[in-house]
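Participant: According to numbering that gives the first Met the number 0, the sequence shown holds residues 0 to 193 in order.
Treat the hints with caution; some may be incorrect.
Said to hold, decoys possible - Simulated crosslink set (EDC-like; lysine to aspartate or glutamate; CA at most 20 Å straight-line):
#1 58 with 83
#2 11 with 117
#3 22 with 164
#4 22 with 62
#5 17 with 94
#6 92 with 62
#7 58 with 164
#8 22 with 44
#9 9 with 117
#10 11 with 164
#11 22 with 82
#12 22 with 94
#13 17 with 117
#14 11 with 44
#15 92 with 117
#16 58 with 69
#17 92 with 171
#18 11 with 48
#19 58 with 82
FYI, nobody ran anything at the bench for these hints, they're computed from the structure.
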Amino acid sequence: MLNRRASSAKSKSEEIIKALSLKPGQQIADVGSGGGYFSFLFARDVGREGKVYAVDTNKGLLDFVRSNSERNGFHNIITVFAEDSRFSLMNEKLDLVFLRNVYHHLPNREIYFSNLVDSLSTGAKIAIIDYDGRGKWSSHRLFCHYVPKATIINEMNVAGYSLVENHTFLPEQSFLVFSATNNENNQNQEEALL
Numbered sequence: 000m001l002n003r004r005a006s007s008a009k010s011k012s013e014e015i016i017k018a019l020s021l022k023p024g025q026q027i028a029d030v031g032s033g034g035g036y037f038s039f040l041f042a043r044d045v046g047r048e049g050k051v052y053a054v055d056t057n058k059g060l061l062d063f064v065r066s067n068s069e070r071n072g073f074h075n076i077i078t079v080f081a082e083d084s085r086f087s088l089m090n091e092k093l094d095l096v097f098l099r100n101v102y103h104h105l106p107n108r109e110i111y112f113s114n115l116v117d118s119l120s121t122g123a124k125i126a127i128i129d130y131d132g133r134g135k136w137s138s139h140r141l142f143c144h145y146v147p148k149a150t151i152i153n154e155m156n157v158a159g160y161s162l163v164e165n166h167t168f169l170p171e172q173s174f175l176v177f178s179a180t181n182n183e184n185n186q187n188q189e190e191a192l193l
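Please work from the sequences and hints to get the whole structure.
Facilitator: Structure below.
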């Protein structure tokens with residue numbers, strides 16, 4: 000029930016996973032993990048050597064993820080309670096931070112992502128999927144549960160990130176991938192992606 004929307008064909012979850020090019024041993028934060036649908040897909044692909052941090056502000060959802068991971072033998076999923084949308088993984092370095100339909104909920108997004116850079120490994124990526132306001136009668140648009148793609152790019156630039164991938168296969172959402180390395184090559188690549 001909790002993962003029904005994420006697992007629907009419309010969500011294109013396997014295409015998303017393929018686009019992320021996950022590797023065994025990676026450490027991933029699934030921010031706003033909800034029922035953990037993507038956390039379980041990540042755990043499958045990073046294997047026993049990798050770790051997936053299911054991060055959420057809802058303790059009930061984290062309990063659900065924890066019990067399902069134990070029941071299904073996923074020992075590489077760690078639940079993390081994020082108070083006020085902030086979280087700490089102590090000294091862990093992340094290879095990927097994944098947010099799906101969460102970006103529009105975050106307050107002070109530039110500060111949030113600026114502070115996150117110390118938790119990233121060299122070459123780490125931030126993948127943001129969020130509703131972008133397409134669709135005249137969209138409930139996401141009606142309730143302002145979306146962020147235009149240009150706004151995400153601008154805010155991430157302010158936070159010190161550059162756009163490195165722009166996937167266009169989701170019908171109502173933008174799927175943007177950023178890198179913390181803000182050099183001339185990334186800026187040229189970003190211009191080519193737009």
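Participant: Are the hints correct? Go through all of them and say.
Facilitator: Hints, verified against the model:
{"no.": "1", "hint": "58 with 83", "result": "holds (12 Å)"}
{"no.": "2", "hint": "11 with 117", "result": "violated (31 Å)"}
{"no.": "3", "hint": "22 with 164", "result": "holds (18 Å)"}
{"no.": "4", "hint": "22 with 62", "result": "violated (27 Å)"}
{"no.": "5", "hint": "17 with 94", "result": "holds (16 Å)"}
{"no.": "6", "hint": "92 with 62", "result": "violated (24 Å)"}
{"no.": "7", "hint": "58 with 164", "result": "violated (32 Å)"}
{"no.": "8", "hint": "22 with 44", "result": "holds (7 Å)"}
{"no.": "9", "hint": "9 with 117", "result": "violated (35 Å)"}
{"no.": "10", "hint": "11 with 164", "result": "holds (17 Å)"}
{"no.": "11", "hint": "22 with 82", "result": "violated (29 Å)"}
{"no.": "12", "hint": "22 with 94", "result": "holds (10 Å)"}
{"no.": "13", "hint": "17 with 117", "result": "violated (27 Å)"}
{"no.": "14", "hint": "11 with 44", "result": "holds (16 Å)"}
{"no.": "15", "hint": "92 with 117", "result": "holds (8 Å)"}
{"no.": "16", "hint": "58 with 69", "result": "holds (16 Å)"}
{"no.": "17", "hint": "92 with 171", "result": "violated (31 Å)"}
{"no.": "18", "hint": "11 with 48", "result": "violated (26 Å)"}
{"no.": "19", "hint": "58 with 82", "result": "holds (10 Å)"}
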